[in-house]
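Chemist: What follows is the residue order along each chain.
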Amino acid sequence: MSKAARLSREERRRAELEERRARRHDRRRPQERSILLPLSLAAVVLGVVAIVVFMVATAPPAGNGLQPPPGGGNYALADGQALGREDAPLTMEIYSDFQCPACGTFAQTIKPALVADYVATGQLRLVYRDFAFLGPESIDAAVGARCAAQQNRFWQYHDYLFANQQGENRGAFSQARLTAIAEAAGLEMDAYAACVADPAQRQAVLDERATASSEGIASTPTLVIDGQPPIVGVPDYADLRQVLDGLLEQANLSR
Amino acid sequence: MNGAVTAPQAGLRRSGLLIAGFAGAGLLISLYLTAVKLSGGVPVCGPLAGCDTVNSSIYSQFMGVPVALFGAVGSAAVLFGALAWWRNGWRSGLLLTYLVGLASLPVLAYLTYLEIFVIGAICAWCVAYAVTAVLAWLVSLRAMSRRPGAARQDAGAGGAA
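These protein sequence lines map, in sequence, to chains A and B. According to my numbering, the first sequence is numbered sequentially starting from 64. According to my numbering, the second sequence is numbered sequentially starting from 319.
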């Protein structure tokens with residue numbers, strides 16, 4: 064049998080197969096149609112339910128009810144937006160945004176450990192740098208924190224902000240809630256109100272971000288320790304300790 | 319003209335390959351964004367800004383899980399269904415791609431709304447993912463609405479012309 068004839072038979076066989084498949088499809092089509100509409104509706108409902116769950120999980124809290132920060136921080140060594148002795152052998156700059164969830168994780172897990180292990184012992188000075196890039200409420204919160212720094216209560220205000228992150232640009236850091244945070248952080252309110260109304264504070268926040276961007280900072284949190292390559296994201300505390308201990312050893316040797 | 323008889327069915331099933339291509343691209347994008355999110359890095363955005371902002375946003379994760387990972391699961395399901403349809407003519411695979419795509423449409427619309435109106439930044443990777451998902455769904459919708467042998471007449475007409 065020639066190759067062409069074989070091919071032709073094969074093609075006929077495939078055509079019959081396709082025809083059977085089409086007929087089967089035709090038989091099943093009413094059945095498929097009857098389940099397609101409910102299945103389609105179920106799929107759309109599933110998508111909408113996913114959105115609702117997501118919205119609820121990220122919704123800002125109603126009213127001004129504030130969550131107090133966990134534990135009291137040791138801020139005896141606070142110095143505006145810095146924390147720690149000025150002559151500490153190491154300085155860590157923390158580029159952060161008050162709406163950034165990873166910054167919240169850093170502030171609530173790594174920072175307290177750093178304060179206890181390095182800042183309180185005079186080995187490390189923390190300096191908070193604004194990288195307010197997540198929208199208008201990031202800038203408003205940063206302005207409020209600068210005003211808290213003027214009364215040397217930056218870190219209390221900082222802790223309240225991170226303890227009350229919820230949603231993003233949806234009112235968690237509205238002016239009303241920032242005022243409530245300022246009161247909770249123990250600020251003198253007339254001075255605070257005058258400070259947040261000063262456009263120079265806002266400009267300072269914007270300028271600090273622009274400077275950081277020009278230095279290559281692109282995300283938060285980013286940690287820079289004495290000009291070393293930046294540590295991007297929330298580091299593992301054991302790894303961070305290793306870096307700090309290594310740098311402290313070098314600093315002690317060079318003294 | 320027997321060859322023309324089987325070609326249209328193959329053509330219809332080739333839509334599975336097209337869906338798989340879109341889903342594969344979506345899977346790669348979402349896996350990349352997941353890896354970047356988990357490593358705490360910044361997505362490479364080229365001349366476009368916004369990926370860093372969107373990726374650092376509170377909306378980039380849900381209950382501690384990167385949102386991109388949910389996208390990866392969806393794309394993997396579409397890829398599986400599309401390949402099953404293409405390779406074996408498994409119509410349930412096509413139905414799976416259609417339903418997963420349909421369920422993801424409102425979610426993608428909402429996430430795009432968040433980018434534009436809440437976060438105020440556009441992530442090109444996220445937009446590219448949304449485009450692949452919508453295209454995959456449109457192809458699956460078209461394939462769903464056609465009879466397996468329906469294109470035969472088209473081919474016949476094409477051959478006559």
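A couple of the hints might just be wrong.
Stated by the list, open to error - Cβ-to-Cβ under 10 angstroms is the rule here; a few derived chain B residues that face chain A: (1) 370; (2) 381; (3) 401; (4) 404; (5) 424; (6) 440; (7) 456.
What the hints assert, rightly or not - Ranges between beta-carbon positions, derived for each pair: (8) 112/A with 434/B: 17 to 27 angstroms; (9) 130/A with 335/B: 11 to 21 angstroms; (10) 423/B with 95/A: 31 to 41 angstroms; (11) 398/B with 183/A: 26 to 36 angstroms; (12) 128/A with 335/B: 34 to 44 angstroms; (13) 434/B with 190/A: 47 to 57 angstroms; (14) 237/A with 434/B: 56 to 66 angstroms.
Read the hints as simulated data drawn from the structure, not as lab findings. Glycine included, C-beta positions come from ideal geometry on N, C-alpha and C.
Chemist: Decide, hint by hint, whether the structure agrees.
Modeler: Structure-based check of each hint:
{"no.": "1", "hint": "370", "verdict": "5 angstroms, holds"}
{"no.": "2", "hint": "381", "verdict": "7 angstroms, holds"}
{"no.": "3", "hint": "401", "verdict": "18 angstroms, violated"}
{"no.": "4", "hint": "404", "verdict": "14 angstroms, violated"}
{"no.": "5", "hint": "424", "verdict": "4 angstroms, holds"}
{"no.": "6", "hint": "440", "verdict": "13 angstroms, violated"}
{"no.": "7", "hint": "456", "verdict": "15 angstroms, violated"}
{"no.": "8", "hint": "112/A with 434/B: 17 to 27 angstroms", "verdict": "23 angstroms, holds"}
{"no.": "9", "hint": "130/A with 335/B: 11 to 21 angstroms", "verdict": "52 angstroms, violated"}
{"no.": "10", "hint": "423/B with 95/A: 31 to 41 angstroms", "verdict": "21 angstroms, violated"}
{"no.": "11", "hint": "398/B with 183/A: 26 to 36 angstroms", "verdict": "55 angstroms, violated"}
{"no.": "12", "hint": "128/A with 335/B: 34 to 44 angstroms", "verdict": "55 angstroms, violated"}
{"no.": "13", "hint": "434/B with 190/A: 47 to 57 angstroms", "verdict": "35 angstroms, violated"}
{"no.": "14", "hint": "237/A with 434/B: 56 to 66 angstroms", "verdict": "21 angstroms, violated"}
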